[in-house]
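Single-letter residue listing:
Number of protein chains: 2
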Amino acid sequence: MKKAFLDYIYQLQEIITTSIEETDGKSKFKEDVWERSEGGGGRSRIMENGKVFEKAGVNISAVSGVLPESLENSFNVINTNFFACGLSLVIHPKNPMVPTVHANCRYFELYSSNGVLKDQWFGGGQDLTPIYLIDEDAKHFHEICKSVCDKHSPNFYKIYKEKCDSYFWNKHRNESRGIGGLFFDYLRSDHNYKIEDWFSFVKDVGNSFLKAYIPIVNLRKNYNYNSNQRNWQEIRRGRYVEFNLVHDKGTLFGLKTNGRIESILMSLPPKVQWVYDHIPEKDSEEEKLIKVLQNPIDWTT
Amino acid sequence: MKKAFLDYIYQLQEIITTSIEETDGKSKFKEDVWERSEGGGGRSRIMENGKVFEKAGVNISAVSGVLPESLENSFNVINTNFFACGLSLVIHPKNPMVPTVHANCRYFELYSSNGVLKDQWFGGGQDLTPIYLIDEDAKHFHEICKSVCDKHSPNFYKIYKEKCDSYFWNKHRNESRGIGGLFFDYLRSDHNYKIEDWFSFVKDVGNSFLKAYIPIVNLRKNYNYNSNQRNWQEIRRGRYVEFNLVHDKGTLFGLKTNGRIESILMSLPPKVQWVYDHIPEKDSEEEKLIKVLQNPIDWTT
Chain A
46 MKKAFLDYIY QLQEIITTSI EETDGKSKFK EDVWERSEGG GGRSRIMENG
96 KVFEKAGVNI SAVSGVLPES LENSFNVINT NFFACGLSLV IHPKNPMVPT
146 VHANCRYFEL YSSNGVLKDQ WFGGGQDLTP IYLIDEDAKH FHEICKSVCD
196 KHSPNFYKIY KEKCDSYFWN KHRNESRGIG GLFFDYLRSD HNYKIEDWFS
246 FVKDVGNSFL KAYIPIVNLR KNYNYNSNQR NWQEIRRGRY VEFNLVHDKG
296 TLFGLKTNGR IESILMSLPP KVQWVYDHIP EKDSEEEKLI KVLQNPIDWT
346 T
Chain B
46 MKKAFLDYIY QLQEIITTSI EETDGKSKFK EDVWERSEGG GGRSRIMENG
96 KVFEKAGVNI SAVSGVLPES LENSFNVINT NFFACGLSLV IHPKNPMVPT
146 VHANCRYFEL YSSNGVLKDQ WFGGGQDLTP IYLIDEDAKH FHEICKSVCD
196 KHSPNFYKIY KEKCDSYFWN KHRNESRGIG GLFFDYLRSD HNYKIEDWFS
246 FVKDVGNSFL KAYIPIVNLR KNYNYNSNQR NWQEIRRGRY VEFNLVHDKG
296 TLFGLKTNGR IESILMSLPP KVQWVYDHIP EKDSEEEKLI KVLQNPIDWT
346 T
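For the record, the sequence lines run as chains A and B. Using our numbering, you'd call the opening residue of the first sequence number 46 and step up by one each time. Using our numbering, you'd call the opening residue of the second sequence number 46 and step up by one each time.
The reader is advised that the hints may include incorrect statements.
Quick list of in silico lysine-lysine cross-link-like pairs, DSBU-like style, CA-CA up to 30 Å [unchecked claim]:
no., chain 1, residue 1, chain 2, residue 2
1, A, Lys139, B, Lys96
2, A, Lys73, B, Lys316
3, A, Lys139, B, Lys316
4, A, Lys216, B, Lys75
5, A, Lys336, B, Lys336
6, B, Lys301, A, Lys208
7, B, Lys301, A, Lys333
8, A, Lys316, B, Lys336
9, A, Lys96, B, Lys316
10, A, Lys75, B, Lys316
11, B, Lys294, A, Lys216
12, B, Lys196, A, Lys71
13, B, Lys139, A, Lys96
14, B, Lys71, A, Lys294
15, B, Lys256, A, Lys316
16, A, Lys301, B, Lys75
17, A, Lys191, A, Lys216
18, A, Lys327, B, Lys316
19, B, Lys266, A, Lys316
20, A, Lys294, B, Lys294
21, B, Lys301, A, Lys316
22, B, Lys256, B, Lys48
23, A, Lys301, B, Lys316
24, A, Lys216, A, Lys301
25, B, Lys71, A, Lys316
26, A, Lys294, B, Lys75
27, A, Lys327, B, Lys75
28, A, Lys47, A, Lys208
29, B, Lys96, A, Lys316
30, A, Lys73, A, Lys248
31, B, Lys216, A, Lys75
32, B, Lys316, B, Lys294
For the record, the hints were derived by calculation from the structure and aren't laboratory data. Since the model is a prediction, treat every value here as computed from it, not as a measurement.
Whenever a hint applies, use it, and build me the whole structure from the sequences.
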């Protein structure tokens with residue numbers, strides 16, 4: 046399973062970075078292959094200052110070793126070895142009319158100290174973070190999410206859409222990071238689904254990413270925008286930073302397992318603003334977004 | 046003691062904001078008085094887009110109530126009421142040759158559920174975060190810190206300077222947030238110092254802030270700078286954000302006690318950049334700063 050998943054994510058990284066380069070039309074990804082002293086490593090691909098994409102990272106990491114004490118509580122284990130691998134991507138477009146996007150798929154194994162496999166699970170998802178909310182784009186993104194879920198179970202979309210809204214809740218702001226999508230974790234073999242079934246589900250979600258996102262980029266990348274809209278984008282990016290550094294488990298996992306810091310923090314946006322007590326004008330497009338972030342809605346009905 | 050300390054910090058806020066307005070010469074502070082539903086409140090004063098200061102916050106908060114469960118471990122207590130008040134300031138100048146600065150003084154009380162005072166302590170400090178390191182400024186700042194410590198004990202400067210270097214260590218970057226100053230916490234009455242002695246020490250440190258910082262501002266505020274130096278400033282501000290959101294106990298305390306979010310996060314810089322894997326040129330001024338941040342030095346010898 047480890048090898049099959051690794052093969053899959055290396056292939057997916059190639060497909061996604063190729064498509065993003067084509068969509069951008071100007072910049073290319075820079076590749077960094079890195080090793081972790083305690084075991085494992087990764088392959089980071091980062092694009093900066095593209096025509097369409099101001100910053101994009103599509104990273105693979107596969108790390109292993111002794112689970113740090115600070116993470117034993119999270120997994121409810123002691124004296125455990127772990128293997129964790131995944132693909133993680135974050136794309137920050139230049140044009141505020143093009144939404145930011147994040148996607149991730151990951152696979153974990155835990156072993157007892159004599160090397161016996163004790164636990165294994167998949168996780169992942171994809172979610173959209175618009176700066177200006179265009180309903181049509183939100184619907185498109187969620188419909189792709191729903192159709193890939195429906196192939197596996199009629200219940201999955203509802204469950205994993207709600208998990209997404211709850212995971213990306215920026216608690217101290219009382220608003221969601223974005224308009225959601227899918228989030229799932231601890232997908233373990235049980236009496237309904239074997240681990241292979243979850244692998245198939247995770248692959249289908251990963252394979253749906255480009256269909257969910259690239260059409261939105263192509264629709265909006267040439268929209269006009271002004272400096273006020275750009276400021277709003279940079280302010281919203283501040284909220285993205287707050288979520289990732291204060292709440293995001295993936296970021297904290299990376300920091301606690303001594304991952305490569307530049308690869309972990311590639312998710313942070315290129316240019317960001319914090320304006321004191323910024324409140325959007327009443328009935329503005331900016332306020333429309335905030336209202337939806339405070340009360341996530343169902344985009345597929 | 047509560048009243049005496051509150052009187053002191055309200056007065057200090059007035060003195061500091063007046064001096065900062067004079068030094069800026071253009072912008073004025075905006076005041077927001079706020080209340081916390083669970084008890085207490087504060088008075089925030091924020092300046093934005095000044096001539097010299099791009100963003101400055103000088104905030105008072107005084108909150109009380111039941112200590113949240115999530116903080117019981119930090120203080121090693123259960124079922125406890127608390128009172129916490131303090132002044133906290135962060136100043137982000139426009140010119141990269143003028144260092145960012147932070148100062149804080151705070152007073153805590155803990156009570157048993159029947160209202161009996163169980164514990165009380167002071168904390169605080171001040172620390173400098175240059176973007177470009179000018180040795181003369183670092184020395185000036187630390188000499189003021191040392192002279193105020195020496196009034197109270199020949200040991201204090203060394204102890205609280207080291208605590209400052211260790212507290213503001215940005216672990217995931219393996220570098221300090223800045224070049225330090227003073228940091229102290231849990232200053233409790235003991236056989237050497239009564240709580241009143243600590244109050245006097247904390248007041249002297251608070252009163253030294255303007256002497257430590259304003260002369261540096263006046264020396265550097267009219268220095269020329271170019272856009273590369275400004276970019277470096279915004280990249281360094283990214284590290285400031287990382288420290289405050291990932292490691293800073295004050296920020297986490299505010300978030301966990303349902304403080305006013307805009308007052309807590311006023312510390313975040315106005316404009317920030319994250320550039321992937323940014324490494325300063327060899328033997329540059331930027332590299333000189335990094336080397337000192339990685340190995341804090343003694344500025345008073």
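Going through the hints against the structure:
no.	hint	in the structure
1	A/Lys139 - B/Lys96	29 Å, holds
2	A/Lys73 - B/Lys316	27 Å, holds
3	A/Lys139 - B/Lys316	16 Å, holds
4	A/Lys216 - B/Lys75	27 Å, holds
5	A/Lys336 - B/Lys336	46 Å, violated
6	B/Lys301 - A/Lys208	23 Å, holds
7	B/Lys301 - A/Lys333	28 Å, holds
8	A/Lys316 - B/Lys336	25 Å, holds
9	A/Lys96 - B/Lys316	22 Å, holds
10	A/Lys75 - B/Lys316	26 Å, holds
11	B/Lys294 - A/Lys216	18 Å, holds
12	B/Lys196 - A/Lys71	62 Å, violated
13	B/Lys139 - A/Lys96	29 Å, holds
14	B/Lys71 - A/Lys294	43 Å, violated
15	B/Lys256 - A/Lys316	34 Å, violated
16	A/Lys301 - B/Lys75	40 Å, violated
17	A/Lys191 - A/Lys216	26 Å, holds
18	A/Lys327 - B/Lys316	25 Å, holds
19	B/Lys266 - A/Lys316	24 Å, holds
20	A/Lys294 - B/Lys294	19 Å, holds
21	B/Lys301 - A/Lys316	28 Å, holds
22	B/Lys256 - B/Lys48	26 Å, holds
23	A/Lys301 - B/Lys316	28 Å, holds
24	A/Lys216 - A/Lys301	22 Å, holds
25	B/Lys71 - A/Lys316	26 Å, holds
26	A/Lys294 - B/Lys75	36 Å, violated
27	A/Lys327 - B/Lys75	22 Å, holds
28	A/Lys47 - A/Lys208	26 Å, holds
29	B/Lys96 - A/Lys316	22 Å, holds
30	A/Lys73 - A/Lys248	25 Å, holds
31	B/Lys216 - A/Lys75	27 Å, holds
32	B/Lys316 - B/Lys294	23 Å, holds
Hints 5, 12, 14, 15, 16, 26 from the list above are not met by this structure, while the remaining hints are.
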